[in-house]
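A.B. asks: Here the structure of chain U is known, so what remains is to put chain D in place on it, guided by the hints.
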Amino acid sequence: MFRKYLAKRVIYGILMYVVMIFTYSALFNKVAEETVRAQIQEQVAQEASRYRNVTPEKLRELIESSRAAKLHQYHLDQSYATRVLWRAVDTLTFNFGRSAIMKAPDGDREVLAIIGDAIPRTIVLFTSEIVLVTALGVILGLYAARKPGGTLDKSVSMVTMITNGLPAWWLGMLMIMLFSYAVPIFPSGGLQSNPPPQGAAAVLDFLWHLALPLLTLVLLNTWGTGYLIRNIVLSNLQEDYVMAARARGVSERRVLFGHTLRTSMPAIMTLAILGLFSSIAGNIIVEGIFGWPGIGNLYFIAVQQNDVPVLMGTLAIETLLNMIGFILLDLIYGLLDPRIKTGGKA
Amino acid sequence: MRIGETLSGLGDFWKEYRKVGSGLVGLAILGLFVLFAVLGPALVPFPGAVDHWHDITYWQDNPMAAPPAWTNALVARKGAVSARLQPTESYPSEGGGASYAFAYDYRADRPPRDLIFRYKGSGKVFALLEATRPDGAKAEIYRGQLELGTDWQRISVEHDARAGVLELVSSVDEFIGASIDPASARPVSLLFSEIESDMADSPRALKGEYAFELRIQPLSQGAKAGVPELLVSGQVSGVLGTDVSKRDIFTGVVAGIKWALFIGFLTSIVTVILGVTLGVAAAYFSGPVDWLLTRVYEFVYLLPVLPFLIVLSAIYKPSIYTFMVIICLLFWSGPYKPVYSMALQIKEETFVEASRALGSSGGRIIFRHIIPILLPYSFAVMALSVPGVIVYEASVSLLGLGDSSIVTWGQILEAALSQGAVINSLWWWVIPPGLMIALMGMSFAFIGSAMDKILHPKLKTR
Numbered sequence: 001m002f003r004k005y006l007a008k009r010v011i012y013g014i015l016m017y018v019v020m021i022f023t024y025s026a027l028f029n030k031v032a033e034e035t036v037r038a039q040i041q042e043q044v045a046q047e048a049s050r051y052r053n054v055t056p057e058k059l060r061e062l063i064e065s066s067r068a069a070k071l072h073q074y075h076l077d078q079s080y081a082t083r084v085l086w087r088a089v090d091t092l093t094f095n096f097g098r099s100a101i102m103k104a105p106d107g108d109r110e111v112l113a114i115i116g117d118a119i120p121r122t123i124v125l126f127t128s129e130i131v132l133v134t135a136l137g138v139i140l141g142l143y144a145a146r147k148p149g150g151t152l153d154k155s156v157s158m159v160t161m162i163t164n165g166l167p168a169w170w171l172g173m174l175m176i177m178l179f180s181y182a183v184p185i186f187p188s189g190g191l192q193s194n195p196p197p198q199g200a201a202a203v204l205d206f207l208w209h210l211a212l213p214l215l216t217l218v219l220l221n222t223w224g225t226g227y228l229i230r231n232i233v234l235s236n237l238q239e240d241y242v243m244a245a246r247a248r249g250v251s252e253r254r255v256l257f258g259h260t261l262r263t264s265m266p267a268i269m270t271l272a273i274l275g276l277f278s279s280i281a282g283n284i285i286v287e288g289i290f291g292w293p294g295i296g297n298l299y300f301i302a303v304q305q306n307d308v309p310v311l312m313g314t315l316a317i318e319t320l321l322n323m324i325g326f327i328l329l330d331l332i333y334g335l336l337d338p339r340i341k342t343g344g345k346a
Numbered sequence: 001m002r003i004g005e006t007l008s009g010l011g012d013f014w015k016e017y018r019k020v021g022s023g024l025v026g027l028a029i030l031g032l033f034v035l036f037a038v039l040g041p042a043l044v045p046f047p048g049a050v051d052h053w054h055d056i057t058y059w060q061d062n063p064m065a066a067p068p069a070w071t072n073a074l075v076a077r078k079g080a081v082s083a084r085l086q087p088t089e090s091y092p093s094e095g096g097g098a099s100y101a102f103a104y105d106y107r108a109d110r111p112p113r114d115l116i117f118r119y120k121g122s123g124k125v126f127a128l129l130e131a132t133r134p135d136g137a138k139a140e141i142y143r144g145q146l147e148l149g150t151d152w153q154r155i156s157v158e159h160d161a162r163a164g165v166l167e168l169v170s171s172v173d174e175f176i177g178a179s180i181d182p183a184s185a186r187p188v189s190l191l192f193s194e195i196e197s198d199m200a201d202s203p204r205a206l207k208g209e210y211a212f213e214l215r216i217q218p219l220s221q222g223a224k225a226g227v228p229e230l231l232v233s234g235q236v237s238g239v240l241g242t243d244v245s246k247r248d249i250f251t252g253v254v255a256g257i258k259w260a261l262f263i264g265f266l267t268s269i270v271t272v273i274l275g276v277t278l279g280v281a282a283a284y285f286s287g288p289v290d291w292l293l294t295r296v297y298e299f300v301y302l303l304p305v306l307p308f309l310i311v312l313s314a315i316y317k318p319s320i321y322t323f324m325v326i327i328c329l330l331f332w333s334g335p336y337k338p339v340y341s342m343a344l345q346i347k348e349e350t351f352v353e354a355s356r357a358l359g360s361s362g363g364r365i366i367f368r369h370i371i372p373i374l375l376p377y378s379f380a381v382m383a384l385s386v387p388g389v390i391v392y393e394a395s396v397s398l399l400g401l402g403d404s405s406i407v408t409w410g411q412i413l414e415a416a417l418s419q420g421a422v423i424n425s426l427w428w429w430v431i432p433p434g435l436m437i438a439l440m441g442m443s444f445a446f447i448g449s450a451m452d453k454i455l456h457p458k459l460k461t462r
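Those protein sequence lines, which keep their order, are chains U and D.
Sequential numbering from 1 applies to the first sequence in our numbering.
Sequential numbering from 1 applies to the second sequence in our numbering.
This is chain U alone, in the form it adopts within the complex (with noise of 0.2 Å):
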């Protein structure tokens, strides 16, 4: 049965991933054209200065078929439904085309190799901001919900609110004016110190490039966890098992901490899948700030570069990730709740 519901959801989401690339294709194929085009311009005149002793219209014949070659390979002498066609195909088999300008670090063009070399420092990144952003928030979620209207749970539904329109970058600029240049103590960006350091020292080197923007994200984000977590917490402590516990006499701690905790643990740990998910597609432009060299750092570069493959590739990319993303989430709902899968409707 559940083998059956994940078949459907694994299906239904690829389906919704290709009809995404389709319209990314159709939306911004011309202007990926334009790229292609030029490269191919580039390559057949570095191709002409390679012949020598050919006549003139020897030489203008090899051009004109190296060119036609090319446009045939790239599907570019087709009509534009084709091209649409195409383009989606090769977004989808990962082929998202070569980099005007940047490079990954071996030196290849390819935009997959780049993305690829950025993807495991985002991950990095907001992986771990959702690990102690979860913990975090636990620790605030449940001291709140204990004294619900008290001081604790009014200042986390205020900072809540404070912190709900406050861009994640803007703080990572105070942030890098005053602990990188105020009260130097972090490196105000970039991966590692240059030159690298070796052993452990490596590793320490990384978590004190890693801390700064990793405290950015954490402080502004434990606030709404923690607040989601304490009403999950709150609903929770309504429930008669709970007033059964309190009237066997276990401890309001144990109440708290053991059964309620328990019991929440399924809702904080999908909030913690859907913060790291959105966390990835909301505050990505975090890394450009803190020149954290991640998909986010892409953008920065891609976009004063004006190098569309680059952007393409990262958007396809990041919406496999979101969708990878809320399949895994339909997943753990129907393990955890087998109504769920019965219900049929998406």
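One should not assume that every hint holds.
[Unchecked claim] Ranges between beta-carbon positions, derived for each pair:
1. D:R295 to U:I273: 20 to 28 Å
2. U:A48 to D:G149: 45 to 53 Å
3. D:Y321 to U:R253: 38 to 46 Å
4. U:T151 to D:P45: 42 to 50 Å
5. D:Q145 to U:A38: 48 to 56 Å
6. D:E147 to U:A38: 42 to 50 Å
7. D:K317 to U:A38: 54 to 62 Å
8. U:L6 to D:L329: 27 to 35 Å
9. U:A38 to D:L455: 54 to 62 Å
10. D:G31 to U:L6: 51 to 59 Å
11. U:L6 to D:V38: 54 to 62 Å
12. D:G149 to U:A81: 50 to 58 Å
[What the hints assert, rightly or not] Taking lysine-lysine pairs in the DSS-like style, the calculated list, with each CA pair at most 27 Å apart, reads:
13. U:K147 to D:K19
14. D:K15 to U:K154
15. U:K4 to D:K337
16. U:K30 to U:K103
It is worth saying that the hints were derived from the structure and are not from the lab.
Quick caveat: nothing in here was measured; it's all calculated off a predicted structure.
In this text, a Cβ means the ideal position worked out from N, Cα and C, and glycines have one as well.
C.D. replies: Okay, now just chain D, sitting in the frame of chain U:
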């Protein structure tokens, strides 16, 4: 719903709303914002500047990256404040010319960065500038011919009066004047310092009333010069200082209020109307309409909004209005699902059934019976979705993809980021625009959650 009913409903709502402290705070902040947006042009020193925000020449007489004027209160050595002075008196001279007297009261410890006399006119004129210091020293510090045009003509003491100021120093003490290296001398600093042997290296401020007389004499037939003004380009400037492009940040921040309110309000209103209408339509009509709308909803919901907006803006460079339309098309998924499930419930209520039995059309039931019930919820969602819209606009602007015909806080921050405000600790450039974004987000969050509390009393505490 009749007007009377609506009014009394609003009255009841306000009675409840008044009890929520944070809601009142939010409303007060929003009120201030609206006030500033309306009074904006009257409050800022450069009212016409909004149309010239990206025009560097408009700002060229301001000091570069000067801190706010009030920072003088925090430091021991006060800096001269930027000012714009009109002539105190003027009298005509022979041959159709005129003389203008300016008085500048210098009370700071650090002299201005420059004094700029500027005027407009036509034809060729001869200009002569004479300075009188509080210690009685007096000299002609500039003379020259100028060709006037439609643009401002400037006499800058720092750039045009080097020789004249040195002469002024020499007229008091020949030896000190001769000891100063003309190539490295800083005319404005010399003009405002006590005349003593180390005045070039460690100047001591000479405070008091400085008088300037500018004589403008027409040279060609029909040459005319307008009334000049004196711009003091200070060490500190305005309410919020200036940026590296010499723009007055206060003017920009106030102009940003108007755009933030406009973008936030309009998009959230359209977004919520779209989301509520579609949600109700899907619930009411069910069947294929429901199926189709739900698929479209899922498509929009699964789209990574910020990356999509960035790529779209990078490729198409949309104007702010196009951008707002795109936001509306992406954000309606927010209220859609809750409205959908609420409408499903309302649809089964007996009064809807009765209306249907009386022969009401689908549109009538939706707009007369279902949507009025959802209105309070919609207003709460509207308020709560404003901060998101503003932050998205700011984020896209931060990447340099904003509409360059307007001024938004995101664009000010983009300039700050790309021109090194963070590295050079120009805090007065970074903090105010971001603080505005945060404050506006906060005020709408307060208002929205206050409405939410009234609508869902359960959320209040326990």
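A.B. asks: Run every hint past the structure and note whether it holds.
C.D. replies: Structure-based check of each hint:
no. : hint                         : in the structure
1   : D:R295 to U:I273: 20 to 28 Å : 24 Å, holds
2   : U:A48 to D:G149: 45 to 53 Å  : 51 Å, holds
3   : D:Y321 to U:R253: 38 to 46 Å : 57 Å, violated
4   : U:T151 to D:P45: 42 to 50 Å  : 43 Å, holds
5   : D:Q145 to U:A38: 48 to 56 Å  : 52 Å, holds
6   : D:E147 to U:A38: 42 to 50 Å  : 46 Å, holds
7   : D:K317 to U:A38: 54 to 62 Å  : 19 Å, violated
8   : U:L6 to D:L329: 27 to 35 Å   : 32 Å, holds
9   : U:A38 to D:L455: 54 to 62 Å  : 56 Å, holds
10  : D:G31 to U:L6: 51 to 59 Å    : 53 Å, holds
11  : U:L6 to D:V38: 54 to 62 Å    : 57 Å, holds
12  : D:G149 to U:A81: 50 to 58 Å  : 57 Å, holds
13  : U:K147 to D:K19              : 21 Å, holds
14  : D:K15 to U:K154              : 22 Å, holds
15  : U:K4 to D:K337               : 26 Å, holds
16  : U:K30 to U:K103              : 24 Å, holds
Hints 3 and 7 from the list above are not met by this structure, while the remaining hints are.
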